[in-house]
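> Residues per chain are reported as follows:
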Amino acid sequence: GAGVSQTPSNKVTEKGKYVELRCDPISGHTALYWYRQSLGQGPEFLIYFQGTGAADDSGLPNDRFFAVRPEGSVSTLKIQRTERGDSAVYLCASSLTWTSGKETQYFGPGTRLLVL
Amino acid sequence: SQQGEEDPQALSIQEGENATMNCSYKTSINNLQWYRQNSGRGLVHLILIRSNEREKHSGRLRVTLDTSKKSSSLLITASRAADTASYFCATDRTGANSKLTFGKGITLSVRP
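Protein sequence lines correspond, in order, to chains W and X.
Numbered per our numbering, the first sequence spans residues 1 to 116.
Numbered per our numbering, the second sequence spans residues 1 to 112.
Honestly, the hints are just simulated from the structure, not real lab data.
Treat the hints with caution; some may be incorrect.
[What the hints assert, rightly or not] A few chain W residues facing chain X, derived, Cβ under 8 Å:
#: 1; residue: Gly-28
#: 2; residue: Ser-38
#: 3; residue: Gly-72
#: 4; residue: Glu-103
#: 5; residue: Gly-108
#: 6; residue: Pro-109
[As the list claims (entries may be wrong)] Listed next, the in silico SDA-like pairs over lysine to any residue satisfying Cα-Cα at most 20 Å (straight line):
#: 7; chain 1: X; residue 1: Lys-26; chain 2: X; residue 2: Glu-5
#: 8; chain 1: X; residue 1: Lys-104; chain 2: W; residue 2: Glu-44
#: 9; chain 1: W; residue 1: Lys-11; chain 2: X; residue 2: Arg-41
[Unchecked claim] What the simulated footprint calls covered on chain W by chain X, stretch by stretch (three residues with Cβ under 8 Å from a Cβ of chain X suffice, anywhere in the stretch; the number is not a length):
#: 10; stretch: 15-26
#: 11; stretch: 89-96
As the structure is a computational prediction, the values presented were derived from the model and not from experiment.
Don't be surprised by glycine CBs; every beta carbon is placed ideally from N, CA and C.
Sequences and hints are given; from them, build the entire structure.
If you want it as structure tokens, here you go:
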């Protein structure tokens, strides 16, 4: 079946602008995760959804970042007043359930965000 | 913050040789996973080993886990040029809500 998809694949924006990044998880997966990966680093956790609710948003760097998952499927990561330091690859992952320690997370191809 | 530390940071081998990559972590875990990444994009899941397991195999991959030393190793046997990629270990820490903590990764180059 189809894997995790993310759109757009690339996004170039100007400092101060607002951006939305979309993630379509694998059908039937109830848990959804957002990570951010800077050049030369491993992915870093941002936020995690169980169904529609954000179960853990401890990785969001500040209040300019927000994510929603209104119907428990597609999720949107929203970044307000973008800064150059927000430039990174934003990765989305999903897993069948959120049972801690038991589920493989499947990653999408990522959205490469460049803030000029 | 990143929990895992992989070593070496970069590894270059000849096709056909075995590649061994190591990962150390700091806190107790539920499981440890290895991922592969090509060209800085999507991560491909390779293998998951639970904290009560010591060794797992999948095709040419062999993963070991030593929870007493807080370390894991990934062995790729009979490497191929197509194995050239970055490899990351990721830990699902106990009490961490299933979020993964990644290391900085190992760059593997397999020369044809």
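> All hints are to be evaluated individually against the structure, with a verdict given for each.
Quick rundown of the hints versus the structure:
1. Gly-28: 17 Å, violated
2. Ser-38: Violated - the Cβ of Ser-38 of chain W stays beyond 8 Å from chain X, reaching only about 10 Å at its closest.
3. Gly-72: 17 Å, violated
4. Glu-103: 7 Å, holds
5. Gly-108: 6 Å, holds
6. Pro-109: Since chain X brings a Cβ to about 4 Å from Pro-109 of chain W, closer than 8 Å, the hint holds.
7. X:Lys-26 <-> X:Glu-5: Within the cut-off at roughly 9 Å; holds.
8. X:Lys-104 <-> W:Glu-44: 10 Å, holds
9. W:Lys-11 <-> X:Arg-41: Given that 20 Å is the threshold and the Cα spacing comes to 14 Å, the pair holds.
10. 15-26: violated (count 0)
11. 89-96: Per the Cβ count (4), the hint holds.
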